[in-house]
Amino acid sequence: MRPLFVEFEEFVRARGSALLRYGYVLTGSAHDAADLVQEILLKLADRWDKVDSPEAYARWQGARHGWSPPSPASTRASRRSR
1 MRPLFVEFEE
11 FVRARGSALL
21 RYGYVLTGSA
31 HDAADLVQEI
41 LLKLADRWDK
51 VDSPEAYARW
61 QGARHGWSPP
71 SPASTRASRR
81 SR
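Each step along the sequence shown adds one to the number in the UniProt record's numbering, with nothing skipped, and position 66 is 66.
Treat the hints with care, since some could be wrong.
[Said to hold, decoys possible] Pairwise CB distance ranges (calculated): (1) L42 with R21: 12 to 22 Å; (2) R64 with A14: 18 to 28 Å; (3) K43 with V6: 28 to 38 Å; (4) D49 with G28: 18 to 28 Å; (5) S17 with A63: 17 to 27 Å; (6) G28 with L4: 13 to 23 Å; (7) P3 with S29: 29 to 39 Å; (8) W60 with R13: 31 to 41 Å; (9) V6 with S29: 15 to 25 Å; (10) P3 with D32: 16 to 26 Å; (11) G28 with P3: 19 to 29 Å; (12) V6 with Q38: 12 to 22 Å; (13) R47 with R13: 16 to 26 Å; (14) D35 with F8: 30 to 40 Å.
Hint data in this document are derived by calculation from the structure and do not stem from the laboratory.
Beta carbons are placed, not taken as given, at the ideal position from N, Cα and C, and that holds for glycine.
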């Protein structure tokens, strides 16, 4: 049996760029996407041996924490600039 950290590293290598793209879709910013994915991977690493589907868990955490609706002030400002 392989050590868990090896499996986790392989998952990050295989799915890391896809998770970054997903994070970008959720946040709209490459910097925020990288921060989000880093947080997700930290949580996933802590629960690696308990998670049945790492991809599903990572995407669920991203959707749960990565997206927030625009604030009313920023929405008004973007409408005025049109």
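How the hints compare with the structure:
1. L42 with R21: 12 to 22 Å: Since L42 and R21 have Cβ atoms about 19 Å apart, the given range 12 to 22 Å holds.
2. R64 with A14: 18 to 28 Å: holds, 22 Å
3. K43 with V6: 28 to 38 Å: Violated, at about 19 Å.
4. D49 with G28: 18 to 28 Å: violated, 33 Å
5. S17 with A63: 17 to 27 Å: Since S17 and A63 have Cβ atoms about 18 Å apart, the given range 17 to 27 Å holds.
6. G28 with L4: 13 to 23 Å: Given range 13 to 23 Å: violated, Cβ gap about 34 Å.
7. P3 with S29: 29 to 39 Å: Because 35 Å falls inside the window, the suggested range holds.
8. W60 with R13: 31 to 41 Å: violated, 21 Å
9. V6 with S29: 15 to 25 Å: Hint violated: Cβ distance 32 Å, outside 15 to 25 Å.
10. P3 with D32: 16 to 26 Å: violated, 32 Å
11. G28 with P3: 19 to 29 Å: Since the Cβ atoms of G28 and P3 sit about 37 Å apart, the hinted range of 19 to 29 Å is violated.
12. V6 with Q38: 12 to 22 Å: Because 20 Å falls inside the window, the suggested range holds.
13. R47 with R13: 16 to 26 Å: Hint holds: Cβ distance 19 Å, inside 16 to 26 Å.
14. D35 with F8: 30 to 40 Å: Violated - the Cβ-Cβ distance for D35 and F8, about 19 Å, lies outside 30 to 40 Å.
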